[in-house]
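Peer 1: Single-letter residue listing:
There are 2 protein chains.
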Amino acid sequence: MKIVIPWVQNVVQKTFKKKILYRRLPILGWLPNYNKKDVIIGDIIAGITVGLMMVPQGLACANIAGLAPQYGLYGAFAGSFVYIIFGSCKDISMGPTVIVSLLTYQATNGKAPEYAILLCFLSGIIQLLMGIFNLGFLVDFISGPVSSGFTSAMALIVTAYQAKDILGLKLPGTTFVEVCYNIFSHITDINVWDTVMGLTSIAILVLMKVFSSRKSNSKTLPVAETKSKPTNKIQKVFGHVLGMLFNCRNALIVVLCSVIAYWSLKFYEDSPFTLVKDVPSGLPAFSLPPFGFGNGNETTTFPEMVSSYGSGILVVPLLSLLEDISTCKSFANGKSVDATQEMIAVGLCNVVNSFVHGHPGSGAMARSAVNRRSGVRTQMASLYTALLVIIALLFFTSSFYYIPKCCLAAIVIAAIIFMVDVKAIVPMWKTKKSDFWVGLATFIACLVIPLAAGIMVGVVIHLLFILYYASRPEIYIETQMTPCGKKYLLVTPDRFLVFPSAEYVRNLVTKHSVSQGIPVIIDCLHIHDSDYTTATAIRTLISSFSTRNQPLFFLNIKPNVLSMFKATSSDEFVILNCKNDIASVL
Amino acid sequence: MKIVIPWVQNVVQKTFKKKILYRRLPILGWLPNYNKKDVIIGDIIAGITVGLMMVPQGLACANIAGLAPQYGLYGAFAGSFVYIIFGSCKDISMGPTVIVSLLTYQATNGKAPEYAILLCFLSGIIQLLMGIFNLGFLVDFISGPVSSGFTSAMALIVTAYQAKDILGLKLPGTTFVEVCYNIFSHITDINVWDTVMGLTSIAILVLMKVFSSRKSNSKTLPVAETKSKPTNKIQKVFGHVLGMLFNCRNALIVVLCSVIAYWSLKFYEDSPFTLVKDVPSGLPAFSLPPFGFGNGNETTTFPEMVSSYGSGILVVPLLSLLEDISTCKSFANGKSVDATQEMIAVGLCNVVNSFVHGHPGSGAMARSAVNRRSGVRTQMASLYTALLVIIALLFFTSSFYYIPKCCLAAIVIAAIIFMVDVKAIVPMWKTKKSDFWVGLATFIACLVIPLAAGIMVGVVIHLLFILYYASRPEIYIETQMTPCGKKYLLVTPDRFLVFPSAEYVRNLVTKHSVSQGIPVIIDCLHIHDSDYTTATAIRTLISSFSTRNQPLFFLNIKPNVLSMFKATSSDEFVILNCKNDIASVL
Chain E
1 MKIVIPWVQN VVQKTFKKKI LYRRLPILGW LPNYNKKDVI IGDIIAGITV
51 GLMMVPQGLA CANIAGLAPQ YGLYGAFAGS FVYIIFGSCK DISMGPTVIV
101 SLLTYQATNG KAPEYAILLC FLSGIIQLLM GIFNLGFLVD FISGPVSSGF
151 TSAMALIVTA YQAKDILGLK LPGTTFVEVC YNIFSHITDI NVWDTVMGLT
201 SIAILVLMKV FSSRKSNSKT LPVAETKSKP TNKIQKVFGH VLGMLFNCRN
251 ALIVVLCSVI AYWSLKFYED SPFTLVKDVP SGLPAFSLPP FGFGNGNETT
301 TFPEMVSSYG SGILVVPLLS LLEDISTCKS FANGKSVDAT QEMIAVGLCN
351 VVNSFVHGHP GSGAMARSAV NRRSGVRTQM ASLYTALLVI IALLFFTSSF
401 YYIPKCCLAA IVIAAIIFMV DVKAIVPMWK TKKSDFWVGL ATFIACLVIP
451 LAAGIMVGVV IHLLFILYYA SRPEIYIETQ MTPCGKKYLL VTPDRFLVFP
501 SAEYVRNLVT KHSVSQGIPV IIDCLHIHDS DYTTATAIRT LISSFSTRNQ
551 PLFFLNIKPN VLSMFKATSS DEFVILNCKN DIASVL
Chain L
1 MKIVIPWVQN VVQKTFKKKI LYRRLPILGW LPNYNKKDVI IGDIIAGITV
51 GLMMVPQGLA CANIAGLAPQ YGLYGAFAGS FVYIIFGSCK DISMGPTVIV
101 SLLTYQATNG KAPEYAILLC FLSGIIQLLM GIFNLGFLVD FISGPVSSGF
151 TSAMALIVTA YQAKDILGLK LPGTTFVEVC YNIFSHITDI NVWDTVMGLT
201 SIAILVLMKV FSSRKSNSKT LPVAETKSKP TNKIQKVFGH VLGMLFNCRN
251 ALIVVLCSVI AYWSLKFYED SPFTLVKDVP SGLPAFSLPP FGFGNGNETT
301 TFPEMVSSYG SGILVVPLLS LLEDISTCKS FANGKSVDAT QEMIAVGLCN
351 VVNSFVHGHP GSGAMARSAV NRRSGVRTQM ASLYTALLVI IALLFFTSSF
401 YYIPKCCLAA IVIAAIIFMV DVKAIVPMWK TKKSDFWVGL ATFIACLVIP
451 LAAGIMVGVV IHLLFILYYA SRPEIYIETQ MTPCGKKYLL VTPDRFLVFP
501 SAEYVRNLVT KHSVSQGIPV IIDCLHIHDS DYTTATAIRT LISSFSTRNQ
551 PLFFLNIKPN VLSMFKATSS DEFVILNCKN DIASVL
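Quick note, the sequences are listed as chains E and L, same order. Numbered by full-length UniProt numbering, the letters in the first sequence go through residues 1 to 586 in order. Numbered by full-length UniProt numbering, the letters in the second sequence go through residues 1 to 586 in order.
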């Protein structure tokens, strides 16, 4: 405790220094200048566009997380308010996301909503702590291939989950294999109405997405290109309206499908579509997250709830951060992202969300892209998004009754199916075969076992490659000749020498030097670090050379490495500063 | 299976090639020339000396392993025969060792001997497989500090275990903390007779050990020094006899203590010392290891036995190999040790031992040192050791009745207490602080939790250091100037770039290049490897430089790294072969 308290004090002091205050409260940087008309209008348009996307996505994410639809909206506004103050990236739209909702479902097994709400609170706390104590480097251990494999598998799993709703089936199962098996064994029970509407919605959404991404592709690098293509005003306005329509395609399709479902009630007593049905109206009560809860006679305690999450308690906050930070990076145009600040912001958003019955969320990749494309200027856009969600909760829940579930599923599938990372396969294979195999292993693991365990498998496998790399350095061995014709052996290890490689290097050097019997030079050019185990092996090497009366020299040795090698040994090192010195020593 | 079968065939074929046959059966190398008188006499003297040490050590090791005394002798002869044929190091004395016996005790919890015998068989099989499939590199992951910490803790634990016998107490407990607590809470129940005899024995043994190691120290480097000090014949013979007496000190002290114990029966009806008592006479039956066994009404199945070992099933074979191979290395005089062959030899010894009711063993460090000091010439010395053990089992078990347990405990303590690796602390601290902390952490972990778990904790902590090293490369950043006066930034990472460091490096380079705004050269001299994640980060870096119109060059880039970087990117790399080229490019 004597060490911990000053350390905590130090961290707290650092956090609240005036200079740091602007980094920790990014709102101080932009709010004082928030008065230009075009900036405000840009934010309002982007905010409302994202809001129209947020409402159906929220409902769909709640469904993915195994919760009643209203929970998706509960988690979609409070975090946005918090992000305005603490968020460092203007494009981010904080709220429920497909990835985090799916992980939440697998961590809570679709049990009572209290589990998801507490998980939201705990995830926020963990993210906050990671930000405060600079543990963001943990995210670095999720490599590109592992992340690709995970995302692709996640996309397939979500598609399979949502396929149940498209087909109008109600089935259990958490892993991909289970869900697929259950769908195929109940394929005869499908609801034709749901299926037709769902597939049509997917087709329309995908077409609109392809079209709009083509349009926006021609708009990338706005600084360089906006002036190159002069267009007349009508074309410009038409283009803007079409762009907005495309960006609001989710809301459009929901309205369209709901109208059809409502209209179908004229002909059938009960709608032939599977509908969302009753969504309670009004804002959620502001209350403490449930640290344990009672259900009839049974009470579930806090420790029971926490232990039921398994590895999800770590994987949910970590991947929520990964999604947010990689979204920030993709919009940073090569500028560096303040990962620490994002961790604090996302953490606070989740903590606050848990007080209004939200489930874990993050900065959603898809919504943030729409936010950017709609011309967001500052974090204030989130305000309008949040207000729209609140309006929806207060006044429109009754009309949510008629939303067909298949339509929400179609929205998710149309967004997620493009995340199967097919494009990465060829470059990954070309770059490094082992990376490809790691990606594939992660992909398969995530499909077969729960996602949280699958990504852990991938991370561990990839780390084993690094350990193997550290344990088997490449060692170049050549016979060279001094100007006066004396032969010597030049041994060049290509990397740092640490314990897993110490004996390997010693054996290799011994083998070659015994068989050749000529003086040996070890070129330490690339050895930037070493350790006690290696130093011990080097000592043995030196003493065996001196027993054989075979000269051994060290070339280009770094001072820190030399002092390590000398610490274990009183033997004399013969050090060369330059290869040509060998002529004078031999 | 289509892949496995040809692979196994390939391995088998390789194993039985004629050229390899001599490596796999080292006996073929020395037996044909085994006819010189001095070689044979040297082996007989060494073999008998070691045998006199083996018998009391075997009894003591059985006690450590929680078995009846005879089991220590059962595991002390069959393996020696096998080692004659397969062993690659003449000095090794195969049989029960303190380390492996202690690990066996912690893995079997001192249950029925069947557990220890099956563990012996399974350890042998695992070691054999590790040898055949070249998995010996696993031993490399136990670093010097971890091994020091483990050995020191092990020495303290064994001392605590044996202190019970010295004090004449019978107490439970597996970890150091438990055992110490139990001893102190029963300190009033000690047997004064045992205590006095035990402490005296320890004192005598330690004095003799110190004296003999001083003598042998003056004898090291025999090639260089034997001729420098001419001594007359009487001195020489006297020295030899004294040396042999010192080397047989364990047997001497056992005989002495047994005589005292026998003599005490003249005055007391029941001996005041705690004696070994009945040891069954005769050789053990040759039988299959117990794959499950019955005990009254209860039967224990094979899977139940295997799962009861926990991580011991991996740690026992691994540390048994570590002890054997490091013993070989310490006698190899810098020559390389054939680790694969040793794994096969130790594996076969344990398999065969399990057929004669032995418990897991290894090449014991202490006995092998005595073997060498007594002038062993070939592996044949093991034959005489084994014969002596057999003779002891056939004819002397009745006299083992009178051996006081405290005397066996004294033998173990006198040998083991010197293994507390105090000497390593200072060089370890000087070499690398982190290595010292890892060693200390392992030491504490091994004392507090069972040894097998403690060493695992040490290994994992030390591997985390390597991962951290891979994730945070040192990056040297300097502003330099071309001959014609143009400034540029030279960025030199000091090691391979792989995924845990990719984002860190990109952020650092971006930060410095944005703030300076001058051309940047990345010197890839020390980058010998990379991966897909880094290549993606480099692509982002290049495109952000081109957006800023800031030039970026790569210097000294290795062909394999270049092809990786190019695989993910169609952007053009500007590569410099020499730093002076920059003048012509800018």
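Be aware that one or more of the hints could be misleading.
Put simply, identical chains are the same to the list, so a pair is met inside one copy or across any two.
[Said to hold, decoys possible] Calculated pairs, DMTMM-like style, for lysine to aspartate or glutamate (alpha carbon to alpha carbon, straight line, at most 25 Å):
(1) Lys423 to Glu572
(2) Lys433 to Asp529
(3) Lys335 to Glu304
(4) Lys487 to Asp529
(5) Lys236 to Asp270
Everything labelled a hint here was simulated from the structure, so no lab data went into it. Owing to the predicted nature of the structure, the values given are computational and were not obtained by experimental measurement.
Peer 1: Are any of the numbered hints broken by this structure? If so, which, sorted upward?
Peer 2: 3, 4 and 5
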